[in-house]
Amino acid sequence: MGHKRTNAAIWAWTAFVLVAIYLPIVCGALASFNKSRYFGFPIKTYSTEWWQKTLDSIEIGMIVKTSIAIALLVTVFSVVIATFGALAFARYEWKGRKLYQKLILLPIFFPQPVLGLAMLLGFNAVGIQTSWMTAVFAHMIWIVPVVTLVIAIQVYGFDPSLEEAAYDLGCSRTQVFREVTLPLLWPGIWSGMLFAFLLSWSNFPLSLYTTGADSTIPEWLYAKMVAGYTPMVPALGTMATLGAACLLLAGGLIGILLRRRAAA
Amino acid sequence: MADLALAPAPGAAAESARQLRHARMLSVGARCALPVAILLGIGFLAPLVAIFGYAFATPRSFDVFTSFTLTNFATLFDPSNTVWLSFLWSCGLALLTVAILAVIAYPIAYGLNMVFGRWSALISVFFVFPLFVSENVRLYGWVLFFIKNGVLDGTLKWLGLSGGPEVLYTPGVTLFGMVYTYLPFMLFPMTLGLALVPRDLVDAARDLGAGRLFIWREIELPLAMPGILIGMLLTFVLAIGATAEAKILGGQSIIVISHDIEIAFTYSQNWPLGSALAVLVTFFIGALTLFALSKLDLDRMLGRR
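These protein sequence lines are chains A and B, in that order. Take the first sequence: its position 19, counted from the start at 1, is 19 in the UniProt record's numbering, and no numbers get skipped. Take the second sequence: its position 46, counted from the start at 1, is 46 in the UniProt record's numbering, and no numbers get skipped.
Bear in mind the hints are in silico, worked out from the structure with no lab data behind them. Where is the CB? At the ideal position from N, CA and C, for every residue including glycine. Treat the hints with care, since some could be wrong.
One-sided excerpt, in silico: chain B residues whose CB lies under 8 Å from chain A [stated by the list, open to error]:
{"#": "1", "residue": "40"}
{"#": "2", "residue": "41"}
{"#": "3", "residue": "64"}
{"#": "4", "residue": "111"}
{"#": "5", "residue": "123"}
{"#": "6", "residue": "125"}
{"#": "7", "residue": "140"}
{"#": "8", "residue": "141"}
{"#": "9", "residue": "150"}
{"#": "10", "residue": "154"}
{"#": "11", "residue": "262"}
Construct all of the structure, not just a fragment, from the sequences and the given hints.
Rendered as structure tokens:
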């Protein structure tokens, strides 16, 4: 059966590509458990020494806190703005909608290092000192359009007649939004929140130019990769990856529950 | 009859109320778009205006909006300047990335739609997750893989072979890094595109005796084209702006265009020159993006019924 053979080939190819995708992450994890300072494979002595050092470092502690603070603020602001943005994108018919749908995609397509530099220029021109707070704003320029798309997919799937029915039953607009629209959109908003947090958490090019004297995890890693490698680099990289994986797992499970409740 | 003419029917009243609401909705939509519009106006448009201003400022100065000169553009278009080389490298690498990724991603996108069934969601998550790992970390993982005495070299030596090839810090490995980084951006639009192909149509064609190649060329490919095109565009544009791959894996063996912009802003402290280059890249990317997007119906792609 030719059909079966094609399907088997597709499975095998997908598996191969997935292995290739996770291979460098595994290499990083291996390097972080290497006892000696310089990487060599096969590893002679394994140790958790560099993980301990990373966890004990005060400098890294501050960097992690900065990264979390940026990601949290980005998540909150982005999701609020993008929820309305998604309604404008997918729910309502209005005059400028087609144009709006296209313009909102431009920041996603724009090269991030250049966007970061442009924003640095902009902050400089109006005399704003860059710090982690300006990075929050910079991340939002790229993340709000992404989250808008994520939530818009949920908006497309919802039935506007439910809102109409609520209006016909005499609900005010805020009531309809709170009691009908929001609960129906929750699964999409939740996915949007996960995207916002994780994309901010892993962003490097925008942070590089807009954090000023502050530093995030990807920035610190890059600085050490260029000069001053120690196994703390793969150790922190692996920790950041594991953190993201745990968040995605927990968030995904909650998301499935939300979807079940929305469907019920 | 008279009653009916005097008092509008209840049904008509509800109808006009709905119409009224519909009219109001026009403005509701615009109002919902307002926060996004303000944000992007301040955070996206204004910086571009700033760059545009700097592009016409006196070289090596910070006199934005006070001086006007075309010197920066003249410098860039001067044949002795090597900037065109960076531009060619970026374009060439981006085109190759797109071509390779189209071949790599198509079977997977097909599988996600037609073969994997209930596993599709989980497999998609596996492909999304790397986006949440900083690309520095992932690319550095490849350095550890390819480096001398690294994972590949060490394993081959351990097996008694002569060791791995020296690929690190070459243009080839830069291309490899770009293909690696931008896979999801090709895969997901392609998957959305293939989801637009109605299965009944493929089945009908098969029942009528069409060969697999014929079905692919005449039905699948044309109907999935919007998604494939947006994937190609996204990958191309992102690859044009890519710097991390050339820096981390390529070891600066080649300078790509965004790297040139960064150099002008940082080491050479020539903001006007960097801005002029950024303006050119922006126009190139903006024109390409808007042209491609104008051909697409986003409502249909993202799933409005």
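Hint by hint, here is what the structure shows:
1. 40: 7 Å, holds
2. 41: 10 Å, violated
3. 64: With a closest approach of 6 Å, the residue 64(B) hint holds.
4. 111: 4 Å, holds
5. 123: Holds: closest Cβ of chain A sits about 7 Å from residue 123(B), inside 8 Å.
6. 125: Since chain A brings a Cβ to about 7 Å from residue 125(B), closer than 8 Å, the hint holds.
7. 140: 5 Å, holds
8. 141: Cβ of residue 141(B) sits 3 Å from chain A, so the hint holds.
9. 150: 6 Å, holds
10. 154: 3 Å, holds
11. 262: 6 Å, holds
Checked against the numbered hints listed earlier, the structure breaks hint 2 alone; every other hint is satisfied.
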